[in-house]
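If you read the sequences in order, they're chains A and B. Residue 84 in this note's numbering sits at position 104 of the first sequence, with consecutive numbering throughout. Residue 19 in this note's numbering sits at position 39 of the second sequence, with consecutive numbering throughout.
In short, the hints are calculated from the structure, not lab data. Positions of the beta carbon are idealized from the N, C-alpha and C atoms, including for glycine. Honestly, I wouldn't trust all of these hints.
SDA-like, lysine to any residue: derived pairs with alpha carbons at most 25 Å apart [said to hold, decoys possible]:
#1 K82/B x T3/B
#2 K82/B x A105/B
#3 K82/B x Y102/B
#4 K82/A x D49/B
#5 K35/B x D161/A
#6 K82/B x H90/A
#7 K35/A x A9/B
#8 K82/B x H135/A
#9 K82/B x G92/A
#10 K82/A x R21/B
#11 K82/B x R21/B
#12 K82/B x A87/A
#13 K35/B x S91/A
#14 K35/B x D49/B
#15 K35/B x D12/A
#16 K82/B x A86/A
#17 K35/A x L79/A
#18 K82/A x V48/A
#19 K82/A x S37/A
#20 K35/A x S91/B
#21 K35/B x D17/B
#22 K35/B x V48/B
#23 K82/A x D93/B
#24 K82/A x V57/A
#25 K82/A x A105/B
#26 K82/B x D12/A
#27 K82/B x L165/B
Distance windows between CB atoms, simulated [stated by the list, open to error]:
#28 G162/B x V128/A: 25 to 31 Å
#29 T112/A x E116/B: 46 to 52 Å
#30 H135/B x A121/A: 28 to 34 Å
#31 V128/A x D93/B: 34 to 40 Å
#32 S91/A x P94/B: 17 to 23 Å
#33 P129/B x V57/A: 45 to 51 Å
#34 S91/A x T8/B: 16 to 22 Å
Spelled out from the first residue to the last, the chains are:
Number of protein chains: 2
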Amino acid sequence: MSTPRRVRADARRNSDALLEAATEVFATAGVDAPVRDVAARAGVGVGTVYRHYPKRSDLVAAVFRHQVDACADAAPVLAASHPPAEALDRWLARFVEFLATKRGLAAALHSGDPAFDALPAYFDARFRPALTSLLEAAVAAGEVRDDVPAVDLLHAVAHLCLPAEGVLPDHARRMTGLLVDGLRL
Amino acid sequence: MSTPRRVRADARRNSDALLEAATEVFATAGVDAPVRDVAARAGVGVGTVYRHYPKRSDLVAAVFRHQVDACADAAPVLAASHPPAEALDRWLARFVEFLATKRGLAAALHSGDPAFDALPAYFDARFRPALTSLLEAAVAAGEVRDDVPAVDLLHAVAHLCLPAEGVLPDHARRMTGLLVDGLRL
DNA sequence: ACGGTTCCGGAAGCACGTTCCGCTTCCGCG
DNA sequence: CGCGGAAGCGGAACGTGCTTCCGGAACCGT
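Whenever a hint applies, use it, and build me the whole structure from the sequences.
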């Protein structure tokens, strides 16, 4: 059932290089940047991109998952190196930063491309546990109220940060600040 | 200062045919349908499309405005032919129907294309007065509460109908039904 | 070192938006 | 009525971007 055949070293190297290159290119030129640009940045041909990510959207999804992982993984690290309330603060700031790079991705999510179908679930699967443990620690330390479930907080912040129409620049930071203050006991 | 030169008859005919063709094509194939398809449906060449609508997005915006007009214009007609509360009901159903064809348009609105910049204002300029007069009539007849401004109702319904993630099929109709029940006295 | 397998590169194919320009159609005027 | 020029039309051609294809290079177990 498992995959007995090993992955060739150069293939793995290229795969990683592509993910990194795509992250950089998408960050500077937006998710609509041409595939050729990503290939060039990674120092490979476009054929190689399509070998590893059959569709453009697969590449976008992979970058997204990678960034979700990076952000979620920051939670235990912060929890281990800061007191509960500060860890929570810092992680939420990190989360807002994560969301800030997602302009245009909300649109992609609703584009109907099947490559994006699993992303919302992944988002929840990684972020909910991460935030839950931070919240529980802060609650246990008596530093924040205990009646705000992680999901609600995640969605509230996400909606604040991926806003609709005429939106002020750092509306996101201000509103999130309010939320966090509201958490404090 | 005005335009003394008349519009040629065939030009106007083509312009109208294009709007109608685009409405049909966008409705069946989505707003991402190729311009060539619209041209074919209207029985003209692509050059003619671009003569009347310099950018693809101008065509999309024109269709949108046209549909907004059709929906908003239905309000006074319904008001004249039904008792206030029923007119309100029917118009909201009509509004939900209007929104139902707008999948993918929310994404377009945030695409940054200048052709769409004026659409939110147009939306408000046409729908707010339409709904306001329906509401006022129903309030005057003592059939609905008077503390719900038209804007709030419009936005609430719109948000219910252009939903985010895993959405049930007729979530829209159910939630709107709830709202309307809430209005009743 | 060898051979099969896996992977790579980038040119070619395709789909779409948009432009361009020679030809057609309209219509005001004589 | 019919003429002439302006207004409008069609669709081939171009630019850009995604995706496919395949000859050959790189890898790795023996």
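Results for each hint:
{"no.": "1", "hint": "K82/B x T3/B", "result": "12 Å, holds"}
{"no.": "2", "hint": "K82/B x A105/B", "result": "18 Å, holds"}
{"no.": "3", "hint": "K82/B x Y102/B", "result": "15 Å, holds"}
{"no.": "4", "hint": "K82/A x D49/B", "result": "34 Å, violated"}
{"no.": "5", "hint": "K35/B x D161/A", "result": "47 Å, violated"}
{"no.": "6", "hint": "K82/B x H90/A", "result": "12 Å, holds"}
{"no.": "7", "hint": "K35/A x A9/B", "result": "22 Å, holds"}
{"no.": "8", "hint": "K82/B x H135/A", "result": "24 Å, holds"}
{"no.": "9", "hint": "K82/B x G92/A", "result": "14 Å, holds"}
{"no.": "10", "hint": "K82/A x R21/B", "result": "37 Å, violated"}
{"no.": "11", "hint": "K82/B x R21/B", "result": "21 Å, holds"}
{"no.": "12", "hint": "K82/B x A87/A", "result": "14 Å, holds"}
{"no.": "13", "hint": "K35/B x S91/A", "result": "21 Å, holds"}
{"no.": "14", "hint": "K35/B x D49/B", "result": "21 Å, holds"}
{"no.": "15", "hint": "K35/B x D12/A", "result": "19 Å, holds"}
{"no.": "16", "hint": "K82/B x A86/A", "result": "16 Å, holds"}
{"no.": "17", "hint": "K35/A x L79/A", "result": "24 Å, holds"}
{"no.": "18", "hint": "K82/A x V48/A", "result": "11 Å, holds"}
{"no.": "19", "hint": "K82/A x S37/A", "result": "15 Å, holds"}
{"no.": "20", "hint": "K35/A x S91/B", "result": "22 Å, holds"}
{"no.": "21", "hint": "K35/B x D17/B", "result": "15 Å, holds"}
{"no.": "22", "hint": "K35/B x V48/B", "result": "20 Å, holds"}
{"no.": "23", "hint": "K82/A x D93/B", "result": "18 Å, holds"}
{"no.": "24", "hint": "K82/A x V57/A", "result": "23 Å, holds"}
{"no.": "25", "hint": "K82/A x A105/B", "result": "31 Å, violated"}
{"no.": "26", "hint": "K82/B x D12/A", "result": "23 Å, holds"}
{"no.": "27", "hint": "K82/B x L165/B", "result": "32 Å, violated"}
{"no.": "28", "hint": "G162/B x V128/A: 25 to 31 Å", "result": "26 Å, holds"}
{"no.": "29", "hint": "T112/A x E116/B: 46 to 52 Å", "result": "48 Å, holds"}
{"no.": "30", "hint": "H135/B x A121/A: 28 to 34 Å", "result": "40 Å, violated"}
{"no.": "31", "hint": "V128/A x D93/B: 34 to 40 Å", "result": "38 Å, holds"}
{"no.": "32", "hint": "S91/A x P94/B: 17 to 23 Å", "result": "21 Å, holds"}
{"no.": "33", "hint": "P129/B x V57/A: 45 to 51 Å", "result": "47 Å, holds"}
{"no.": "34", "hint": "S91/A x T8/B: 16 to 22 Å", "result": "18 Å, holds"}
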